[in-house]
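A.B. asks: Listed below, chain by chain, are the residues.
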Amino acid sequence: MPHVGLDQPPARAAPGADGGEPAILSVEDLWVEYQTPAGWMQAVRGASLEVRAGEAVALIGESGSGKSTMGFALLRLLVRTARVSRGRVRFRTGEGRVVDLLGLNAGQLRRFRWQECAMVFQAAQNSLNPVQRVGDHFKETARAHGRKDDRKTRERALELLRLVQLDPDRVYSSFPHELSGGMRQRVSIALSLLLEPQMIILDEPTTALDILTQRMIIDVIRALRQRISFTMLFISHDLSLAAELADRVATMYAGQIVEIGPVRDVFYHPKHPYTVGLLNAVPPIVGDQFTPLTAIPGAPPNLLAIPPGCPFHPRCPYATEICTREMPPLFQVGPDHGAACHHHDKVDRNDQPAWERAS
Amino acid sequence: MSEALMTLDGVRREFNTRRGRICAVDDLSFRLDPGDILCLVGESGSGKTTVARMAAGLLAPTSGVVRFEGRDLKGMPKDEFKTYRRAVQLVHQDPYASLNPVHTIGDTLRAPLEHHRLARGRRAATARAAELLDQVDMTPPENFLGKYPHQLSGGQRQRVSIARALALNPRLIIADEAVSMVDVSIRVSLLNTMLKLRNELGVTFLFITHDLAVVKYFGWEGKVGVMYVGKLVEYGRTPQVIGAPLHPYTRALSAAIPEADPDVTRAKQKLQLRSIEIPNLLQLPSGCVFHPRCPYAEPGLCDVVAPALEDVGEGRDVACHVVARDRRGKVAAA
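Sequence lines, in order, name chains A and B.
Just so you know, the first sequence maps onto residues 1 to 359 in the numbering used here.
Just so you know, the second sequence maps onto residues 1001 to 1334 in the numbering used here.
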């Protein structure tokens, strides 16, 4: 597989898909599989995605959709029993060079992570070292990347902690166990920004946190993006989080991106039945009306026995014969909006009867 | 007034921890009539699970009284207690942990039937097990009786837990975060199944959750109690409490929840709290436990006197000095 490492001369920068901002991250036909006693299980099956400079993209899906596996694969953080079996992941560095992430060696990868792209993990409490003070996390991360001036690191760390609305001096000298879950999550976010990466990947940044803490994290992320510009890819099962923070949304199902588009288009004019089903399954809080909800029939597929054709067809009210045979390509359904559904032109969010018939 | 199915009266529960004694539930009272849905909503540390365990008879209150059909659980004769335990069933959050992995679904459902002699013989027990699966919308039941929990999806496992709870013809099901671990696309059908059980079999529900949106959907025809650090701070009919919350804590919660609608959620009016940290249970704030976070807290009042849960009209109860005074003012003006 031809690839360009960090130390090699710049290749051409990937142009933006719509002539707008060029892509920072471009994923092409990515396949990831896990070794299981029952054979190789495909968790990501030919996903393609571009993330453009400065935007926030939400990768939405339920458990087993492949969203987290995809996030981990991008930073080469997969467990040993997983492998990328196909695909290309390219990243445009701060200096404008395009590197092939799947081809980086260990040293290049170490430099790439944190400096170019950092990740904030779901279980923030487990990603901080319990025997190290918060300040040491900042110092160690900086030193590992050749920034030996602890005083400068401290200054930057305090500023970042202030930006995530923590009491900087107190938190800097605290141990992780002295902080609440929400505070630790904010420390992780501050830490991810220490080396001024162009992009951060957040995996379920608000899951398992209380509602008021979730709100704090959302507001902090939004404020940070106004203060410091960075590109963001976040992975979540929570549609509302995407509605809050994303510029573009990608829905994943059975390892594939089945719909992708600008946030308002995907929420107000979804063209993939699965996205419609998800949206209609979330009860709204506002309003004094009772909203009857319709469930998506069935359950997500077993990844070891994915249905042929479109993997959603056994649950889909629009499915016809072709859906059982052919996986639909990502059809262009609007400007910058794609949906992998043979019947995308019939899909309408307000067509409740179709769902009631199906369930 | 007809006899209540269950009442909690001034219930308090303390726990010893390594760092001292904490009070998980403080002076909590509510009443459940047959066919009611009562949702208890709160964040972590609110005491909602402790309430569930006390209502299920798994935990005795430190003080106060839990009554089932008018009888105090404490000192209940053994056979009566057994009847109560049969009539009240608990469905847990985690269907992975609550089903025995080496038993088939058929075994799991037959066990309580055989133990309580509700079915004569294995064939009758199997027939009843199939009926139970049918009631929780696992059809056709024959496909599931021989399966093991690991062969089912998370949503199906939770359905089996509900079917098992139904096996003993319970009067009351206590569901503790029963849909929290289930994916969005399956959650609604699980809630619909439980609503059907309530409407068709008349099962009463005590539904414990951290999710206001789920309360709004499941508890629309019932009541909701909002818990904060061991206390009930607001109580009333669900449409009113969710549609127009009164207690500053409920208002903050409702305003904080992101909505799955980009325009709505980005325009939502937030209620800015003075602090986001939940108080330490070992050192609870004086006066109203919410005052250090409350934007309306009045010095000299809220930090001194703990507000009682007070009837503020329209069948609503709120534990807040400021809200109670405003409502009194409105009544006086009118």
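Quick caveat, the hints were computed from the structure, so don't treat them as lab data.
Please read these numbers as outputs of a predicted model, since none were measured by experiment.
Note that beta-carbon positions come from the ideal geometry of N, C-alpha and C, so glycine has one too.
Do not rely on the hints blindly, as some may be mistaken.
[As the list claims (entries may be wrong)] Not the full set, but computed from the structure, chain B residues with beta-carbon under 10 Å of chain A:
id, residue
1, LEU1145
2, LEU1190
3, GLY1243
4, ASP1263
5, LYS1270
6, ILE1278
[As the list claims (entries may be wrong)] Here are the computed lysine to any residue pairs in the SDA-like style, where the Cα-Cα straight-line distance is at most 20 Å:
id, chain 1, residue 1, chain 2, residue 2
7, B, LYS1268, A, ASP247
8, B, LYS1268, A, THR294
9, A, LYS148, A, PRO130
10, B, LYS1196, A, ARG357
11, B, LYS1196, A, ASP247
12, B, LYS1270, A, PRO292
13, B, LYS1270, A, GLY287
14, B, LYS1268, A, ASP219
15, A, LYS148, A, ASN126
16, B, LYS1196, A, GLY287
17, B, LYS1196, A, PHE290
18, B, LYS1078, B, LYS1147
19, B, LYS1196, A, ALA223
20, B, LYS1270, A, TYR268
21, B, LYS1270, A, ARG133
22, B, LYS1268, A, GLY135
23, B, LYS1268, A, ALA223
24, B, LYS1270, A, ASP288
25, B, LYS1147, A, GLY298
26, B, LYS1196, A, GLY298
27, B, LYS1268, A, ARG357
28, B, LYS1268, A, ARG133
A.B. asks: State for each hint whether it applies.
C.D. replies: Here's how the hints hold up against the structure:
1. Interface hint at B:LEU1145: violated, since its Cβ lies 18 Å from the closest Cβ of chain A, which is beyond the 10 Å cut-off.
2. The interface hint given for B:LEU1190 is met, as the beta carbon of that residue sits about 8 Å from the closest beta carbon of chain A, less than 10 Å.
3. Restraint check, B:GLY1243 versus chain A: the minimum CB separation of about 4 Å is within 10 Å; hint holds.
4. Proximity of B:ASP1263 to chain A holds as hinted, the smallest CB-CB distance being about 7 Å (cut-off 10 Å).
5. Because the beta carbon of B:LYS1270 sits about 7 Å from the nearest beta carbon in chain A, less than 10 Å, this interface hint is met.
6. Contact between B:ILE1278 and chain A, as hinted, is supported at the beta carbon level, the nearest pair being about 7 Å apart and thus within 10 Å.
7. With a C-alpha separation of about 18 Å, the suggested pairing of B:LYS1268 with A:ASP247 holds against the 20 Å cut-off.
8. At most 20 Å may separate the alpha-carbon atoms for a hinted pair to count; B:LYS1268 and A:THR294 exceed this at roughly 25 Å.
9. The suggested pairing of A:LYS148 with A:PRO130 is violated, with an alpha-carbon distance near 23 Å, which exceeds 20 Å.
10. Only pairs whose Cα atoms come within 20 Å are accepted, and B:LYS1196 paired with A:ARG357 is accepted, the gap being roughly 18 Å.
11. Distance check on the hinted pair: B:LYS1196 and A:ASP247 sit about 39 Å apart at the alpha-carbon level, beyond 20 Å; violated.
12. For the hint linking B:LYS1270 to A:PRO292, the alpha-carbon distance of about 26 Å lies beyond 20 Å, and the restraint is violated.
13. At most 20 Å may separate the alpha-carbon atoms for a hinted pair to count; B:LYS1270 and A:GLY287 meet this at roughly 15 Å.
14. Taking the CA atoms of B:LYS1268 and A:ASP219, the gap is near 12 Å; set against the 20 Å cutoff, the hint holds.
15. Restraint check for A:LYS148 and A:ASN126: not satisfied, since their Cα atoms lie roughly 26 Å apart, outside the 20 Å limit.
16. A C-alpha spacing of about 24 Å is found between B:LYS1196 and A:GLY287, which places the hinted pair above 20 Å, so the restraint is violated.
17. With a CA separation close to 17 Å, the supplied pair B:LYS1196 and A:PHE290 stays within the 20 Å bound.
18. Restraint check for B:LYS1078 and B:LYS1147: not satisfied, since their Cα atoms lie roughly 36 Å apart, outside the 20 Å limit.
19. Between B:LYS1196 and A:ALA223 the alpha-carbon distance is near 44 Å, which puts this suggested pair outside the 20 Å criterion.
20. A hinted pair counts as satisfied when its Cα atoms are at most 20 Å apart, and B:LYS1270 with A:TYR268 does not qualify at roughly 23 Å.
21. Distance hint between B:LYS1270 and A:ARG133 is unfulfilled; the C-alpha atoms sit about 33 Å from each other, more than 20 Å.
22. Only pairs whose Cα atoms come within 20 Å are accepted, and B:LYS1268 paired with A:GLY135 is rejected, the gap being roughly 36 Å.
23. Among the hinted pairs, B:LYS1268 with A:ALA223 is consistent with the structure: their alpha-carbon atoms are about 16 Å apart, no more than 20 Å.
24. Note on B:LYS1270 and A:ASP288: the hinted pairing holds, with a Cα-Cα distance of about 18 Å set against a maximum of 20 Å.
25. Taken as a hint, the B:LYS1147 and A:GLY298 pair is honoured in the structure, with Cα atoms around 17 Å apart against an allowance of 20 Å.
26. Among the hinted pairs, B:LYS1196 with A:GLY298 is consistent with the structure: their alpha-carbon atoms are about 18 Å apart, no more than 20 Å.
27. For the hint linking B:LYS1268 to A:ARG357, the alpha-carbon distance of about 34 Å lies beyond 20 Å, and the restraint is violated.
28. Among the hinted pairs, B:LYS1268 with A:ARG133 is inconsistent with the structure: their alpha-carbon atoms are about 37 Å apart, more than 20 Å.
Hints 1, 8, 9, 11, 12, 15, 16, 18, 19, 20, 21, 22, 27 and 28, counting from the list given before, are not met by this structure.
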